[in-house]
Amino acid sequence: MAENVPSASGLKNWLNARTGCCSALRWWRNRPVPGGPAWWKVTGALLLWLVVLEFVSGILLMLVYTPSATDAWASLVYLEERIAAGAVVRAIHFWAAQALLVVAGLHLVRLLITRAYRAPRELLWISGLLLAGLLVAFCVTGNPLPWSQKAYGQIEVEMHIIGSIPLVGPVAQRLLMGGTELGQRTLNHLYTLHVAVLPLLLVLFVGFHLSQLVRLGRSNGSADSEELPYFPHQSIRNAVAVAVVVGAVLVLSYRYRAPLGPPADPVLPSSPRPEWYFLALFELRRYFTGNLEFVATALIPGLIGLWLVLLPWIDRGGRAGKLISYATAVVLVLAHAVLTVLPVVRDARDEQHQAVVAELRKIGSRAIELAAQGVPPAGPGELLHRDPVTMGPILFRQHCTSCHSYGGEWAEEPKASDLKGFGSEEWIWGLVQNPADPRFFGRTKHKQMIQWSKETFATASDDEKAEIRQAVRWLATHPRGVPPEDDEQSEFAQGYMAFDGWCIECHTYEGDGGFNLKAPDFTGYGSEEWIARMIQNPADDALYGDSAEMPAFADKLTPLQIRVLARWLAGGTDPVEP
Amino acid sequence: MNRRFFLALLTRLIGLGTAVAAAIPGLRLLLDPLRQKGSAAKRYRVAPLEAIPPGTPVRFAVRGQRIDAWKVFPEQILGYVWVFRAAESGNGGEPHLRVFSATCPHLGCTVDYRTDKSSFLCPCHGGAFTNTGDRIPDETLGYKNPAPRGLDPLPYELVRDETGKVWLEVEFQRFELNTPERKPIA
Ligand code: FES
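If you read the sequences in order, they're chains G and Y. For the first sequence, position 20 matches number 58 in the working numbering, and the numbering has no gaps at all. For the second sequence, position 162 matches number 760 in the working numbering, and the numbering has no gaps at all.
It is worth saying that the hints were derived from the structure and are not from the lab. Using N, Cα and C, we set each Cβ at its ideal position, and we do this for glycine too. Misleading hints may appear alongside valid ones.
One-sided and incomplete, this derived list gives chain G residues near chain Y with beta-carbon spacing under 8 Å [what the hints assert, rightly or not]: (1) S95; (2) A122; (3) F269; (4) I274.
Okay, derived cross-link-like pairs now, DSBU-like style, lysine-lysine, Cα gap no bigger than 35 Å in a straight line [to be verified]: (5) K400/G with K635/Y; (6) K594/G with K669/Y; (7) K556/G with K458/G.
Could you put the whole structure together from the sequences, leaning on the hints where they help?
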């Protein structure tokens, strides 16, 4: 009869009659908590709900994230910069993952201490260990997906680690990588694992884990029982714990974005470190190098895993068993903590590593700023390669610092001028007054200018000095063209006249001058074009001619690199147009 | 029993609160497409005037920078326009042009021109339009014209460049489909 009555309770009864879902739920809620409800029993429920949060946020990320070597990073910038709550959702996925790992650790320790692995729960325990393995796999496959410089560096090392596993390693590495090199197919493989294969396995194992849990009753530390029902006595504790942890994840997510950094690009500096949860393994590798590397990367983790899997049979009960379980927990936690702290402390003291980290952070925010305006189809690398702010210092340090310093830095044994502020009024005035300063020609063989300066300034009156200063100010505007005949008053004309009075004997300008000797041409001096010409070929007749000490770079740098470097030296920040 | 009832209520409230708080950013992301704006009308140089013979409509591609989410394509076909240049009466007069978006206002196929019928015909569901872009009435056509309105006219300008060549520049834009009135997609 009830089946025909269209009421809420009728529908519920009908559904229950057909599926048994409501009685199952009622049974689930009313089952007693062995040993009574307790706060330390919340870890399982926490894990479950954090996994749910990961699933939901992960699916939302899939709406925008694009697993392509040219698009992955750019799609995340778009997600974070242009989509409502995009950065928050990605941060939730990140922070909930961190929480998941911490809680999984706590869960493991809790089960170790309560010796929850003992018969008849061996399989429950082993399925839990497999779940822990799945978590690790989620991290390994998820972290590289942004295809950022850091992610790329990490997966490169991880692939190497997989390859170093005896016997199966090389094959597994190739299969995972989708070939012999990191690239598009690697990304597709990682993505497929991360969003399809692993979630499927996770659901399966969680299902098994929970069904066994129900069948066997929850593990209990003690035997006495008031036998209170699970709902609401344990549930309220679970709910509070979930609210606190998820709340913390949300607060963190609104305040701190998930790390991104610059896109993967071989020209950028790199000093990859694993995520904090893998640091212990990273540290272990330091002690086993060369042929022994597999001890750290495969043998020790493998043995730990084996020990845990066999624990139900190793622990034969009694005091000895208790000791084994406690010792396992303590050793694991301590070893992990120590091995994690050591590299952290070392890195904090390692100035070079910190410098790379700081530089990558700077390049990263610049890259994101540029990419927020859109990315060319060839990917974000193209964007960076055109950017003087990013590439200027990198190119300078690669190609120029064997002779030039920059702001007194970067060059170990500078042999030529310091190029910070090159062509600016302050720089030129400094040079004119004292070319012998090591910042200018002091370290070079150019002596004429030094001679001229010494003689000129020894006798020059204040008025004359002011005139030279005027020429300098004019020169710092990267002048081009001559002032019209009737113009004698403008800054430009005054500067030009000062040049005519003081510099024209040696320096040329717009095809005029250089009567005494040929010194560098002043047409557009210090401009991007002038510097580019200088980089291309300093021995150009219009530049240093035969007296050039600097080699030509026309063949060592691409035309684009020369333009980018020149723009950076000239103080420009806009990306070079294609 | 009272305590149990209270705890149950509290559990539900806490659970609900947590779920709502976590769902808010997700919903905002999910609904983001409703917030995104369509591209505004923009002027594109389409063809030199000399490439447009009087009498028959000619179809031109509109090319320009296309922004697809994060990707910026420097030059892509954005759409097509039909340009009809009326046969000139006198000589020397300003040429009279009509420019239509080639996108069918029914469901967005690209309409063809049928020289034999001197009218525009959509290959998809038979939307038909006169030379002047008007919707051909059902009676004239002999069947129900699926197009809800005439072809969408686009503003244009003839511009002379430095070399003296005259160019057709079109204000390209998209409109809502399948509505009797003409609404730009914003
Ligand atoms: S799309 Fe043109 S008639 Fe339907």
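We went through each hint and held it up to the structure:
1. S95: holds (7 Å)
2. A122: holds (4 Å)
3. F269: Hint on F269/G: holds, closest Cβ of chain Y at ~7 Å, below 8 Å.
4. I274: holds (5 Å)
5. K400/G with K635/Y: holds (31 Å)
6. K594/G with K669/Y: Roughly 32 Å between the alpha carbons, so the hint for K594/G and K669/Y holds.
7. K556/G with K458/G: holds (25 Å)
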